[in-house]
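Student: Residues per chain are reported as follows:
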Amino acid sequence: SQTIHQWPATLVQPVGSPLSLECTVEGTSNPNLYWYRQAAGRGLQLLFYSVGIGQISSEVPQNLSASRPQDRQFILSSKKLLLSDSGFYLCAWSRDAQSRTATNEKLFFGSGTQLSVL
Amino acid sequence: LAKTTQPISMDSYEGQEVNITCSHNNIATNDYITWYQQFPSQGPRFIIQGYKTKVTNEVASLFIPADRKSSTLSLPRVSLSDTAVYYCLVGRPRQLTFGSGTQLTVLP
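Heads up: the sequence lines are chains C and G, in that order.
Here the first sequence is numbered in this note's numbering, starting from 186 and rising by one per residue.
Here the second sequence is numbered in this note's numbering, starting from 7 and rising by one per residue.
If you're looking for bench data, these hints aren't it; they were derived computationally from the structure.
Take the hints with a grain of salt, since some may be wrong.
Pairs of lysine-lysine, BS3-like flavour, derived with a Cα cap of 25 Å [to be verified]:
1) 75/G x 9/G
2) 58/G x 265/C
3) 58/G x 9/G
4) 75/G x 58/G
5) 291/C x 9/G
6) 60/G x 9/G
7) 60/G x 264/C
8) 291/C x 75/G
9) 60/G x 75/G
Build out the structure end to end from the sequences listed, making use of the hints.
Tutor: So this is what it looks like as structure tokens:
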């Protein structure tokens, strides 16, 4: 079966410090990978997605970046954190499933990282 | 991109059936409809997915009318543990962002 690991669970960082969040998926190959951010009481905002090694699409301009150095590894980074970067960060994976009508995906999420920038 | 509209919140009592409707007037021909459940401080969990008519699994049912401009998630006999936020997504995840969802509160 497939599993997704995301760490750390909580993180408190000072403004201006760097960030590195890591996500790995087991039990599948060539997954689609996603990074989301959720502010308190809000919906999930798509930050980045990747359909393959080295292929990153950014949805929101910001001081964050993502990398996919290996097939099942997805990393979210920042060189200098801002107060506004605080939030709940979620990694997710999916596989394309082709049917006669369309291509559908089901997202499977990690347990998340609660980031507080002080 | 299909925009979705769903109620911000709903209350129900234990043992009742709950129906949450999502409107998606500009759904595309190749869009699937997917529902997720999220508890506080956890990632969303896939509940059910469908393209047309009715889909049922061990957790819920999904009703989709012929025009596919709306969908209804049906939770039979809810319990207190079903209190969560429910999200309706239309299309592929890379094309959209989760909305604020529907906060379902189940009361004793």
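Student: Each hint: holds or not?
Tutor: Hints, verified against the model:
The hinted pair formed by residue 75/G and residue 9/G meets the criterion: a straight-line CA distance of about 11 Å does not exceed 25 Å. Taken as a hint, the residue 58/G and residue 265/C pair is broken in the structure, with Cα atoms around 46 Å apart against an allowance of 25 Å. Our distance criterion of 25 Å between C-alpha atoms is met by residue 58/G and residue 9/G, whose separation comes to about 18 Å. Only pairs whose Cα atoms come within 25 Å are accepted, and residue 75/G paired with residue 58/G is accepted, the gap being roughly 10 Å.
A C-alpha spacing of about 18 Å is found between residue 291/C and residue 9/G, which places the hinted pair at or below 25 Å, so the restraint holds. Distance check on the hinted pair: residue 60/G and residue 9/G sit about 21 Å apart at the alpha-carbon level, within 25 Å; holds. Using a Cα cut-off of 25 Å, the hinted pair residue 60/G and residue 264/C is violated, with the two alpha carbons roughly 48 Å apart. Simply put, residue 291/C and residue 75/G have alpha-carbon atoms about 20 Å apart, close enough for the 25 Å limit, and the pair holds.
Of the pairs offered as hints, the one joining residue 60/G and residue 75/G holds, with about 14 Å between alpha carbons and a cut-off of 25 Å not exceeded.
The structure does not agree with the numbered hints 2, 7 stated previously, though it agrees with the rest.
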